[in-house]
Amino acid sequence: MNNGRRQTSFIAKLVVRIPYAWMVAFFLVPFLIVVKISLSQTAIAQPPYTPVFDLAAGWQGFRSFFTGLSLDNFTFLGSDPLYILSYMKSVEIAAFSTLLLLVIGYPIAYAITRTPRRLQAVLVLLVILPFWTSFLIRIYAWMNILQHDGPLNQLLLFFHIVREPPAWLSTDTAVYIGIVYSYLPFMVLPLYATLEKIDESLLEAAADLGCPRWKTFWLVTLPLSAPGVLAGALLCFIPICGEFVIPDLLGGSRTSMIGQTVWTEFFANKDWPTASAVAVVLVCLLVTPIVVFQHQAMRGTGRGS
Amino acid sequence: MRKASFFNLAALAVGLVFLYLPIVILVIYSFNASRLVAVWGGWSMHWYAELAGDAPLLEAASISLRIALVSASAATVLGTLAAVALVRFGRFRGRLLFAAMIYAPLVMPEVITGLSMLLLFVAVAIDRGFWTVVIAHTTMAMCFVAVIVQSRLIDFDRSLEEAAMDLGAPPLQTFLLVTLPLILPAIAASFMLAFALSLDDLVIASFTTGPGATTLAIRIYSAVRLGVSPEMNAVCSIMVLVVGLAVIAASLLTKLSAARGTPARI
Numbered sequence: 001m002n003n004g005r006r007q008t009s010f011i012a013k014l015v016v017r018i019p020y021a022w023m024v025a026f027f028l029v030p031f032l033i034v035v036k037i038s039l040s041q042t043a044i045a046q047p048p049y050t051p052v053f054d055l056a057a058g059w060q061g062f063r064s065f066f067t068g069l070s071l072d073n074f075t076f077l078g079s080d081p082l083y084i085l086s087y088m089k090s091v092e093i094a095a096f097s098t099l100l101l102l103v104i105g106y107p108i109a110y111a112i113t114r115t116p117r118r119l120q121a122v123l124v125l126l127v128i129l130p131f132w133t134s135f136l137i138r139i140y141a142w143m144n145i146l147q148h149d150g151p152l153n154q155l156l157l158f159f160h161i162v163r164e165p166p167a168w169l170s171t172d173t174a175v176y177i178g179i180v181y182s183y184l185p186f187m188v189l190p191l192y193a194t195l196e197k198i199d200e201s202l203l204e205a206a207a208d209l210g211c212p213r214w215k216t217f218w219l220v221t222l223p224l225s226a227p228g229v230l231a232g233a234l235l236c237f238i239p240i241c242g243e244f245v246i247p248d249l250l251g252g253s254r255t256s257m258i259g260q261t262v263w264t265e266f267f268a269n270k271d272w273p274t275a276s277a278v279a280v281v282l283v284c285l286l287v288t289p290i291v292v293f294q295h296q297a298m299r300g301t302g303r304g305s
Numbered sequence: 306m307r308k309a310s311f312f313n314l315a316a317l318a319v320g321l322v323f324l325y326l327p328i329v330i331l332v333i334y335s336f337n338a339s340r341l342v343a344v345w346g347g348w349s350m351h352w353y354a355e356l357a358g359d360a361p362l363l364e365a366a367s368i369s370l371r372i373a374l375v376s377a378s379a380a381t382v383l384g385t386l387a388a389v390a391l392v393r394f395g396r397f398r399g400r401l402l403f404a405a406m407i408y409a410p411l412v413m414p415e416v417i418t419g420l421s422m423l424l425l426f427v428a429v430a431i432d433r434g435f436w437t438v439v440i441a442h443t444t445m446a447m448c449f450v451a452v453i454v455q456s457r458l459i460d461f462d463r464s465l466e467e468a469a470m471d472l473g474a475p476p477l478q479t480f481l482l483v484t485l486p487l488i489l490p491a492i493a494a495s496f497m498l499a500f501a502l503s504l505d506d507l508v509i510a511s512f513t514t515g516p517g518a519t520t521l522a523i524r525i526y527s528a529v530r531l532g533v534s535p536e537m538n539a540v541c542s543i544m545v546l547v548v549g550l551a552v553i554a555a556s557l558l559t560k561l562s563a564a565r566g567t568p569a570r571i
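Top line first, the protein sequences correspond to chains U and P. Residue 231 in our numbering sits at position 231 of the first sequence, and the numbers go up by one each step. Here our numbering = 1-based position in the second sequence + 305.
Hints were generated in silico from the structure; no laboratory data involved. A portion of the hints provided could be inaccurate.
What the simulated footprint calls covered on chain U by chain P, stretch by stretch (three residues with Cβ under 8 Å from a Cβ of chain P suffice, anywhere in the stretch; the number is not a length) [said to hold, decoys possible]:
#1 25-32
#2 80-88
#3 190-199
#4 241-250
#5 274-287
A short list of chain U residues far from chain P (calculated; beta carbon distances all over 10 Å) [unchecked claim]:
#6 D72
#7 R163
#8 A167
#9 K215
#10 T216
To be clear about the criterion: a stretch of chain P counts as covered by chain U if any three or more of its residues have a C-beta under 8 Å from a C-beta of chain U, and this derived list gives those stretches [as the list claims (entries may be wrong)]:
#11 314-326
#12 330-340
#13 358-366
#14 375-389
#15 431-440
#16 484-493
#17 528-539
All figures in this text were calculated on a predicted structure; none of them were measured in a lab. Don't be surprised by glycine CBs; every beta carbon is placed ideally from N, CA and C.
Given these sequences and hints, build the entire structure.
If you want it as structure tokens, here you go:
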């Protein structure tokens, strides 16, 4: 692996620097701008927008940049129960739906590993396929099903399970259905990836020693699949916390998740500093799970270096 | 010794029905002749015909396709470079930050990515429109491309490259003549996935778009907010079909890629 020789070459440098520069310019810098705006006064930053860095102003501009910072937006967030409730609602929905996803996704992932190899590839593809059709369409499909005189209520009425058609849309139940439906592939895939790697001979050894199947599952399979459980849970929990489309289309107006709050502050109230502050706090809440996720992902794929 | 128990089969069957039934129902309803979505009025292509005359919708579709094409191409190039950098260049300075920047967007809530992109474009005073959406989609999609190509680069047989170099091929030539052809199917697959991501995105596009660049997803969203309608059923069915075909093609390519260059799995 003569990395030394390659790394000296000019092309090798470009290969690293072009995507590096792109990510710094369009991921890191924008995020720093969000942090900066979250620290500025609401009044100054109304659109049309005041420039973030006034380089022409030199040292004076540099000083006014720092003196202009304030924590007002954050104290405002802390003082208004609307935001606190919104954060709590997001974390509650994300945590509970991650649990639901685990309970539903695990048996599916496990069942896939029990099928013949050739079939496994097809089943995995079948699980991924809906993931690539947009969130929007899949949520819309549920709007069809859950509407007042939609197929679900027709079915329930037909079998006399209910007397009156229940209202599904604009409830938390609908949000949970939408989230579980949309994120199921994110849960099943990492679970399948770890379950598939488990050495069959361990299970056979347990069986030879007289361990019943459920006990083998509990003592061998489940602990060995822990990394997959963690990866799947993070892959679902983090984005669900900031989910916008699902609660907006399926949820009620009373319960607002944090993604909706950012959206409303930004588009309806045009309060950019508050929107930025809400976003910064969300990232702070998610920073631990995100770091754990990155650590997992790098350990999983970084072996080649 | 793989055996699927009754419970396993039931879990699989229920899982797949849960995943596909809503989409099937959506497609069936799109052929409903009745204007009332819940009342079945017989099979009809009426709503598809209606779409052909909906100029703003077609315009939005054309914008979305162009954005997806450009951003997927850019994301494929940048993402492949990033994957090569991560897998083949060992520990360059700032590797940790680079890897973190590649993985973070995969889970970052879209609302935050969209908001931060928009604030960047405002800060540097770029007029928002077609190109700002392209930049935003490229950034998001290149991370997915990087992860896919990276995993392909990791589990491929390094001895092929080493053989080429032993025979005197310089590193660049080795990459272009040996490595690239071997990972090409994975690259093609991630192009298609980047394309699908861009086509589907609503949140990031809403933040970064400007006048004259309303994408199909934004148009569908604003229609869908008002409730279920047969025209929307038809549009969504077409999108399901297009994306479905693209993904099947992509997965066939990935399979092809796995079949080449790695020892056959039994």
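Hint by hint, here is what the structure shows:
1. For the region 25-32 of chain U, the stated coverage by chain P is satisfied: 6 residues place a CB nearer than 8 Å to a CB of that chain, which reaches the threshold of 3.
2. Interface restraint, the region 80-88 of chain U with chain P: violated (0 residues with C-beta to C-beta distance below 8 Å; minimum three).
3. Counting residues of the region 190-199 of chain U whose beta carbon lies closer than 8 Å to any beta carbon of chain P gives 0, which falls short of the minimum of three for the stated coverage.
4. Look at the region 241-250 of chain U against chain P: 7 of its residues bring a Cβ nearer than 8 Å to a Cβ of that chain, three or more, so the hint holds.
5. For the region 274-287 of chain U, the proposed coverage by chain P is satisfied: 6 residues have a C-beta within less than 8 Å of a C-beta in that chain, meeting the threshold of three.
6. Every C-beta of chain P lies more than 10 Å from that of U:D72, the closest at about 18 Å, which supports listing it as non-interface.
7. With a minimum CB-CB distance of about 19 Å to chain P, U:R163 clears the 10 Å threshold, and the non-interface call stands.
8. Distance check on U:A167: its Cβ is at least 14 Å (rounded) from any Cβ of chain P, clearing the 10 Å threshold; non-interface status holds.
9. Look at U:K215: its CB is around 15 Å from the nearest CB on chain P, clear of 10 Å, so calling it non-interface holds up.
10. Every CB of chain P is more than 10 Å from the CB of U:T216 (nearest about 12 Å), matching its label as outside the interface.
11. Residue count for the region 314-326 of chain P with a Cβ under 8 Å from a Cβ of chain U: 8. That meets the three needed, and the coverage hint holds.
12. Using a Cβ-Cβ cut-off of 8 Å, 3 residues of the region 330-340 of chain P lie near chain U, which meets the minimum of three, so the contact claim holds.
13. Coverage of the region 358-366 of chain P by chain U is violated [criterion: at least 3 residues with CB-CB distance below 8 Å; count 0].
14. Taking a C-beta to C-beta cut-off of 8 Å, the region 375-389 of chain P contributes 5 residues in contact with chain U, enough for the three needed, and the coverage statement holds.
15. Taking a C-beta to C-beta cut-off of 8 Å, the region 431-440 of chain P contributes 1 residues in contact with chain U, too few for the three needed, and the coverage statement is violated.
16. Taking a C-beta to C-beta cut-off of 8 Å, the region 484-493 of chain P contributes 0 residues in contact with chain U, too few for the three needed, and the coverage statement is violated.
17. A stretch counts as covered by a chain when three or more of its residues have a beta carbon under 8 Å from one of that chain; for the region 528-539 of chain P and chain U the count is 6, and the coverage holds.
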